[in-house]
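Asks: Taken in sequence, the protein lines are chains A and B. In this text, residue positions in the first sequence follow numbering that gives the first Met the number 0: the first is 0, and each later residue adds one. In this text, residue positions in the second sequence follow numbering that gives the first Met the number 0: the first is 0, and each later residue adds one.
Treat the hints as calculated values from the structure; they're not laboratory data. Keep in mind it's a predicted model, so treat the numbers as computed, not measured. Each hint should be verified, as a subset may be incorrect.
A partial selection of chain B residues facing chain A, derived with a Cβ cut-off under 10 Å [as the list claims (entries may be wrong)]:
# : residue
1 : 58
2 : 130
3 : 133
4 : 141
5 : 143
6 : 188
7 : 192
8 : 194
9 : 250
Backbone N, C-alpha and C fix where the C-beta goes; we use that ideal spot for every residue, glycine too.
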Amino acid sequence: MFTALLIEQLLNGLQLGVMLFLMAAGLTLIFGVMGLINLAHGSLYMIGAFACATVAAATGSFWIGLIASLAAAAGVGAIIEVAVIRRLYDRDHLDQVLATFALILILSEGARWLFGSFPLYLDIPPLLQGAVPLPGGGQYQLYRLAIIGVGVAVAVGLYLLISRTRLGMRIRAGESDREMIGALGVDIGTLYTVVFALGAALAGLAGALVGALQSVQVGMGEPVLILAFVVIVIGGIGSIKGALVGAVIVGVVDTMGRFLLPSLLALTMPASQATTIGAALASMLIYVVMALILAFRPSGLFSAQS
Amino acid sequence: MTRETTINLVLALLLLGAPMLAASLGEPFYVTLATRIAVLALAAVGLNLALGLGGLLSFGHAAFFGLGGYVAGILATHAFNAEPLFAGIPATTSMPLIWITAVAVAGLVALPIGAISLRTSGVYFIMITLAFAQMIYYFAISWPAYGGEDGLSLSMRNAFPGVNTAKPLPYFLICYAALMAALLLFRVVEGSRFGSALQAARQNGTRLAAVGIAPFNIRLVAFAVSAMITGFAGALYADLNRFVGPSMLSWHMSGELIVLIILGGKGRLFGPVAGAMIFVFFEYVLGGITERWQFFLGLILLGIVLFARGGLLGLLSGKPRHV
């Protein structure tokens, strides 16, 4: 029984990690190519979830909703990039933080205006309902497994995109020397818009996928955004590989901590006390891990910039 | 007297005079509003020391603000229930003692956070300070002893010897005095050898190291002092609202403190005061017109960042100041 529970929690951790990877990949790509810190990335996640829930409710199909979430997040991302973000590339981090903080206020309040304060709900598509048996007894939700599959597919897709395609070559070139690729005739403005929209679409995809597991509401992106920050700090800002490794570390450590710490503490203290203290400590665990990693590698595990 | 000094004097007198006038007209609400301005400005003065002088963009100062608040809340709750804190140490409702504790706790927490965060710089520093603040936020939420997600209510305001703190005006005067003291400290630090080193560390850390001063130590001290001032403000804020909750620790609070400084003018002595005045004014006026005031605050903030750099004091006192 314990083995089955352990496997289930490991898978949950992996699923959280994959979600975080979708968020962190966009953030780290945007930072790596444009040098921009984007706090509003969580709002794009929220937009994806709202678009999916609304369209799925109107059409009755989760899959159309999923496409809508990608389109909505990429579209809003492109609009934001052209209208606001573009002016921030040569500003310092303070201005970027403030402007994107302002965007959060606008987008969150705007979403509340449009959709109201009540959460929306999104059903798991019929195709992915049901459960899969686990070794050692127990069952696991098929939908969560599918999320893990999507995450792996996106990771592979991103790898191929960046290492094998012309766009990926330009993205890599933009990371190392933006003036030079501009001089070689690449339209850097369009490239930036495309990269930003790509990151936004990944965030929107994450939002839509998680929307079927949780309620869809204003502010849902912010906790995920901060976890994604932890991920890219651990992985090294600008590195997609680092984002993947960091995301899995954070997802698994967080989930396993919440699962194991209370039981571990119960060996040394009364059960009720162990539950509360364990829960409180588990909520701090990933930050402790982050601090430890930074103490040895101040620029993360796979730093792209030295 | 430069133009900025005149404006500073006007702001100081305005913040003092307006609530006194309101109190004499029997409008205690406006006194409370002015107290809110004073306390938020105090918190931002703390951050301004790190951000304005030291160039340390801490996105986690809500942690220290909230810690100060929780110190006030926890001490008052224990004192109210006549429970000792731990090891038989009695709790207290005396404001000066609470303040000392809040300042000490904020400083002690800021040292390890600063020591780890300051090993990095730039975006890393922003994200790590944010992450540490979130850590404390989640701890406060999941620790049920002091209210967890619901926070702690104080049954009454804590006591200050010889002052009736329950009345709005005396409490405002306490907060105003605290703000003025912090501004004086900011001025003294800015002009001191330490302040020069701190500003040099912002402009060029390598060059500072080359003349034999380690930027890390200077920054760490500045970060801790900055956290202590913000923690002090947190204790006052808890007493103002007679409530402390996780929202004081949330990252929105950290963002708002930065916003205050930018609205007023970064690195300027009275920047946080001007910023807090504008912020509370917007909150009150826009909040009275529409429930969606944060939407418009976002638009205004975006406009200021994109088009009006230097904040209100930058606009008024004209002289460009590269900070």
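Asks: Look at each hint and say if it fits the structure.
Replies: Hints, verified against the model:
no.	hint	result
1	58	holds (7 Å)
2	130	holds (5 Å)
3	133	holds (5 Å)
4	141	holds (5 Å)
5	143	holds (6 Å)
6	188	violated (21 Å)
7	192	violated (26 Å)
8	194	violated (20 Å)
9	250	holds (7 Å)
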